[in-house]
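Chains as they are written, first to last, in the working numbering: chain A, 73 to 423; chain B, 73 to 423; chain C, 73 to 423; chain D, 73 to 423.
Careful, some of the hints might be misleading.
In this list, chains with the same sequence are indistinguishable; a pair is considered to hold if it fits within one copy or across any two.
Derived pair list, reagent style DMTMM-like, types lysine to aspartate or glutamate, alpha-carbon separation capped at 20 Å [stated by the list, open to error]:
{"id": "1", "residue 1": "Lys169", "residue 2": "Asp384"}
{"id": "2", "residue 1": "Lys289", "residue 2": "Glu105"}
{"id": "3", "residue 1": "Lys289", "residue 2": "Glu393"}
{"id": "4", "residue 1": "Lys130", "residue 2": "Glu257"}
{"id": "5", "residue 1": "Lys241", "residue 2": "Asp107"}
{"id": "6", "residue 1": "Lys217", "residue 2": "Glu332"}
{"id": "7", "residue 1": "Lys167", "residue 2": "Asp213"}
{"id": "8", "residue 1": "Lys91", "residue 2": "Asp166"}
{"id": "9", "residue 1": "Lys271", "residue 2": "Asp363"}
{"id": "10", "residue 1": "Lys328", "residue 2": "Glu261"}
{"id": "11", "residue 1": "Lys218", "residue 2": "Asp107"}
{"id": "12", "residue 1": "Lys217", "residue 2": "Asp166"}
{"id": "13", "residue 1": "Lys218", "residue 2": "Glu131"}
{"id": "14", "residue 1": "Lys289", "residue 2": "Asp237"}
{"id": "15", "residue 1": "Lys91", "residue 2": "Asp136"}
{"id": "16", "residue 1": "Lys169", "residue 2": "Glu143"}
{"id": "17", "residue 1": "Lys78", "residue 2": "Asp420"}
{"id": "18", "residue 1": "Lys217", "residue 2": "Asp384"}
{"id": "19", "residue 1": "Lys218", "residue 2": "Asp363"}
{"id": "20", "residue 1": "Lys289", "residue 2": "Glu341"}
Rather than coming from a laboratory, the hints here were simulated on the basis of the structure.
Computed from a predicted structure; not experimentally measured.
4 protein chains.
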Amino acid sequence: MNSFGKHIILTSYGESHGKAVGAILDGFPAGFEIDMSYIQSQLDRRKPGQSALTTSRKESDLIDVQSGVFEGKTTGAPIHFQLLNTDAKPKDYDKLKDIYRPSHADFTYEAKYGIRDYRGGGRSSARITAGWVASGALVQDYLQKKQGINITSYVSQIGTVLMEDIGQKYTQAQVDSSPVRCPIEKTSEQMIQAVNQAKNSKDSLGGVITCVISGVKPGVGNPVFGKLNALLAHAMMSINATKGFEIGGGFDMASKLGSEVNDSFVKEEDIIKTKSNFSGGIQGGISNGMDIVFRVAFKPTSTIGVEQITLDNSHDKVTLEASGRHDPCVVPRAVPIIETMAALVLGDLII
Amino acid sequence: MNSFGKHIILTSYGESHGKAVGAILDGFPAGFEIDMSYIQSQLDRRKPGQSALTTSRKESDLIDVQSGVFEGKTTGAPIHFQLLNTDAKPKDYDKLKDIYRPSHADFTYEAKYGIRDYRGGGRSSARITAGWVASGALVQDYLQKKQGINITSYVSQIGTVLMEDIGQKYTQAQVDSSPVRCPIEKTSEQMIQAVNQAKNSKDSLGGVITCVISGVKPGVGNPVFGKLNALLAHAMMSINATKGFEIGGGFDMASKLGSEVNDSFVKEEDIIKTKSNFSGGIQGGISNGMDIVFRVAFKPTSTIGVEQITLDNSHDKVTLEASGRHDPCVVPRAVPIIETMAALVLGDLII
Amino acid sequence: MNSFGKHIILTSYGESHGKAVGAILDGFPAGFEIDMSYIQSQLDRRKPGQSALTTSRKESDLIDVQSGVFEGKTTGAPIHFQLLNTDAKPKDYDKLKDIYRPSHADFTYEAKYGIRDYRGGGRSSARITAGWVASGALVQDYLQKKQGINITSYVSQIGTVLMEDIGQKYTQAQVDSSPVRCPIEKTSEQMIQAVNQAKNSKDSLGGVITCVISGVKPGVGNPVFGKLNALLAHAMMSINATKGFEIGGGFDMASKLGSEVNDSFVKEEDIIKTKSNFSGGIQGGISNGMDIVFRVAFKPTSTIGVEQITLDNSHDKVTLEASGRHDPCVVPRAVPIIETMAALVLGDLII
Amino acid sequence: MNSFGKHIILTSYGESHGKAVGAILDGFPAGFEIDMSYIQSQLDRRKPGQSALTTSRKESDLIDVQSGVFEGKTTGAPIHFQLLNTDAKPKDYDKLKDIYRPSHADFTYEAKYGIRDYRGGGRSSARITAGWVASGALVQDYLQKKQGINITSYVSQIGTVLMEDIGQKYTQAQVDSSPVRCPIEKTSEQMIQAVNQAKNSKDSLGGVITCVISGVKPGVGNPVFGKLNALLAHAMMSINATKGFEIGGGFDMASKLGSEVNDSFVKEEDIIKTKSNFSGGIQGGISNGMDIVFRVAFKPTSTIGVEQITLDNSHDKVTLEASGRHDPCVVPRAVPIIETMAALVLGDLII
């Protein structure tokens, strides 16, 4: 199951250290001028080696379009986005070939398939999200230009450092001014410190990304299955290392009274809004025109340098000290993944 | 989009005050002896009027099977579960026909469809989950009997009352000994108090349900899209009033170090396990054989007796005081919904 | 796999002699005034006992709508069409319970499921198409009223009697003026003779139905998979007893030169047409605005009174003389099934 | 809609004169040793320039696997088959850019998408079936080696030349000994003559391919929608230039009596068979263990050298004389397409 969507369908392929990773986007409308520089810019936000805080793997992540575009415009045919793996160093991973790394997918892939491409995590590597980002960026660009829908996200928590977050909006410039993609300068600095500290102790950190989507008209989503919030949850839980999803008031609402968190309707300049937005822009699975606000929790990167004892596939104990290239905290690089996956969900419903 | 699943497919129909609600379950294996009393027992745990804590609507929720079963056994043909609406009192809802109730789906349904069956929420009513529970209970029974998979859930939080919850297991008897389905007696009593207090002040409460699934072998789930956790998230966010989903360590893992929450592999009596279970039984989207543990957050019931000011569909202000029958806290009744939806997810992957 | 369609989805359930047969239609647009008398009229064209030429089973085939319609209009929620089985005489079939009837699905169902509802063919009975006809008739009515699309079909061959057929159009009145639904009076009479002769010799006859659809605008269908002709083929081959499907010039084109059957474009009153219509209204899987013309071949009814020697499920020889009620030729009753399935295909692509 | 299948899913991409054509095959089982030479051999049977009878376009059609295979074995991850377009000569097509060629998809693509990649038919070119053949050949190889299922097909008709065809089997060697892939030497010679004659008069010919599949166990297929015959029909009607599909006795059965074509069950060496095989190996949509036999009709190639008058997209008359490279009869090259598409249908149901 490597496809996502029902009308605009992403099909993903590729492994971390194979020949290429990529995706086919099927169902995208014809006649749209493809903006390769925008797509590349979202890929650049995701790519490794952006700063001292990320893995040292160097991938240019240059996107190539092999079909579905003619004379600069989409034709309605499936669009194949391909990224060659240029800095693949599979040999680095030889010593991991028999090891079940803690909290990685080594054991479960082997349980399911009986075979495993162990080079850099193979199919389970987050590298494959490059194809998602390329596809989703095209959809995000379309939604922005054709529908005025603006999808932005930011890092609202890394480790124990968190910013006050009530679903407010920031521009991409504000977000990207911080290497950890937290738009509050002071919090950003604390996050950087936390990441550096984790890096120095060969450890890793998790975090939370908040996504705010504005410009979605009322009426988008499905009432029963395929609720807009359920589709977003599915999309977000498909991203590597995610452990939780909440919409609007989220888990906090469990401890509230109905009278505290009910969103009453009001009229403002002839537009129907809700006074508060604990619903996160979605009621009964369908958008109500307010900002769509959700949060996604990431666990700390499973690859750490700290010594760990685990098993190999002969079921013998082994001591593991990671040597591959990895990020102490993947959360900042996940920002464009969140945005583009949200774009794919919305595009699938709207376009 | 009223179907769920890919191999074992639930198709839901019906409205709160129409002739019937029900579901068709397609793809269920042939030759299984259907245990109607087990199915009815899960429906009884969901049905209204169970105790003073729930809505006074009286529905016997007697399930009728109209196809797919012959001489007591499933035939491989689609199974139609039907529940007639017997205590439908649509007239009660006439005065709500023009009102956009706060945090209900009145406004969004009208935005999407231009028309709305306003009787008791129509299609957006949680009543339609009766069909899901019937279908899912059959699958749950199958998984228990044929695969030794045990799915149980319990209320771990109502309002600000919460039990210590590290994903431990309880029997259904333990859970059902409490009218709020919290297996810890003292916490249960506090929850009952909280619900009664909310009821007396015509208000409502949210909560959290924890679900623990044991007996799933390693290798169940999909690696990229259709991850087991993503499918569970989709299923859970399809249930009315849910606002958040987390797996294993969940949102708490955002603030942890990798070295604190990595699940190392160990061998116990020749079985490969993980020392801790922050992964919640799923790694890389695929089960690892440990208990699958997830939590679902519910907002407080949107229908409250407290006076609220909102809009009608002429965009005029109206004052609303609920008079329909409703629950001050739906969370205890949602326990069988969570279990049966989890069964549908697992059945779809395993059976 | 009991669902058909991607956007407007029919889900079928029921067995020949169970409690009910029916279907759920999901994805149909909201706000359409449902015309129950039109739907009933298509069901009446399909129902048994219409004339001396059809089976003597008496089913009123009265349709009941249990959901998805409010105050006479569709609401966007799934529409449940139910038909109770009133003249079910399962006892008639007891003596067939162990027999593999020639060219029936007894053996294959048992091979697949290990169990079989033998009463009147169970799930393999053409009775279940009643639910398809109800659903498809709603879509057919919509296409007619909202899009000016007219779907008609007629019997162009029964046994060795055939009419000249180049895809010309007839009104439903013209078609229904004949008990065998052949609009050419003389041919119709010959067909009636042929059916009576087969009936008298306890035998059965096959035939061909031609379907002509006008009013479909250019641009409907998919270019690669999901070609309009491929979807029609799938739909038609889903109908019981069908053995062949051809579009436009069909099998005859195999023996033609390109220069004989190429459809050149011409302009007529500012509309682009093709001079001939060997394409049958579809080029590259997509409609070109010309009439869509296809033909469906039916084998003779497998149930015959003539003595046959076959096996039972102990693999012993048995002599079979049919006693159940059946049609000497099902083709005339299949006319509304063809039309409504074509409507479902088109509705799925257009609405 | 560029995907085919439900469990083993082919996703196709590419245009005739773009950078590449290809396909992603998702859901194929892990651990199978991929036989690249077999896959290449099926591609070679399809490729242009095989003989004087086919188009002079020279494509080596060398297949490259970019993912899903590790150390020679499939891993369960999606397999990306890529074929670069090496002999693309898009300039040849410049003069066709505004013309609606008779019986091509130029007009319908433009009607649907408003834009068209006119180079060699773009997405509507049969060149894209190269990706299908690569994917299907892998499945065909698997079915042969793991299940003993043998899929062969042959040309049974070209123009008015036809061989006696009752669904008998031939080996691939027998079929390929003829340049037109007709295993009867004398008929083959007549067909070659017919093709040469059409070629010399700048015209084209259609034909029929018969496919015979042996080794499918009873019980494969679905009873209602997704009948094995319906899935085969959908697959075959997805191939360029096909106009008809029939299973077993096909259209001829329309003129038969039930007593003539009913397939009685008999026991032969403890295996249940049918005495005749008018059912074509499928009853009630499910295989019965007999050979599966179907026929597919192809229209003559639409591209011909004979002068034709048609319209351009300004709706003006133009005279067209084809100059691009094309086949006078595509039917022989379609043999591996039929086989591999049949393999995809069966693999989807069985594997």
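Taking the hints in turn, this is what the structure says about them:
1. Lys169 <-> Asp384: Within one copy, since 9 Å is at most 20 Å while 56 Å is not.
2. Lys289 <-> Glu105: This pair counts as neither: shortest intra-copy Cα distance 24 Å, inter-copy 26 Å.
3. Lys289 <-> Glu393: Intra 51 Å, inter 29 Å, cutoff 20 Å: neither.
4. Lys130 <-> Glu257: Answer is neither; intra-copy 28 Å and inter-copy 57 Å both fail.
5. Lys241 <-> Asp107: This pair counts as neither: shortest intra-copy Cα distance 24 Å, inter-copy 49 Å.
6. Lys217 <-> Glu332: neither (37 Å within a copy, 44 Å between copies)
7. Lys167 <-> Asp213: Neither way: lysine 167 and aspartate 213 sit 42 Å apart in one copy and 34 Å across, limit 20 Å.
8. Lys91 <-> Asp166: For lysine 91 and aspartate 166, the Cα distance is within 20 Å only inside one copy (18 Å; across copies 35 Å).
9. Lys271 <-> Asp363: neither (36 Å within a copy, 32 Å between copies)
10. Lys328 <-> Glu261: Between copies only: 19 Å across, 33 Å inside.
11. Lys218 <-> Asp107: Answer is within: at 13 Å inside a copy they meet the 20 Å cutoff, but 38 Å across does not.
12. Lys217 <-> Asp166: Close neither inside one copy (46 Å) nor across copies (32 Å); limit 20 Å.
13. Lys218 <-> Glu131: neither (32 Å within a copy, 40 Å between copies)
14. Lys289 <-> Asp237: neither (24 Å within a copy, 40 Å between copies)
15. Lys91 <-> Asp136: Answer is both; intra-copy 14 Å and inter-copy 10 Å each pass.
16. Lys169 <-> Glu143: Between copies only: 13 Å across chains, 45 Å inside a chain, cut-off 20 Å.
17. Lys78 <-> Asp420: Both, since 7 Å and 14 Å are each at most 20 Å.
18. Lys217 <-> Asp384: For lysine 217 and aspartate 384, the Cα distance exceeds 20 Å both inside one copy (51 Å) and across copies (33 Å).
19. Lys218 <-> Asp363: within (18 Å within a copy, 35 Å between copies)
20. Lys289 <-> Glu341: within (16 Å within a copy, 41 Å between copies)
The structure shown violates the earlier hints numbered 2, 3, 4, 5, 6, 7, 9, 12, 13, 14, 18.
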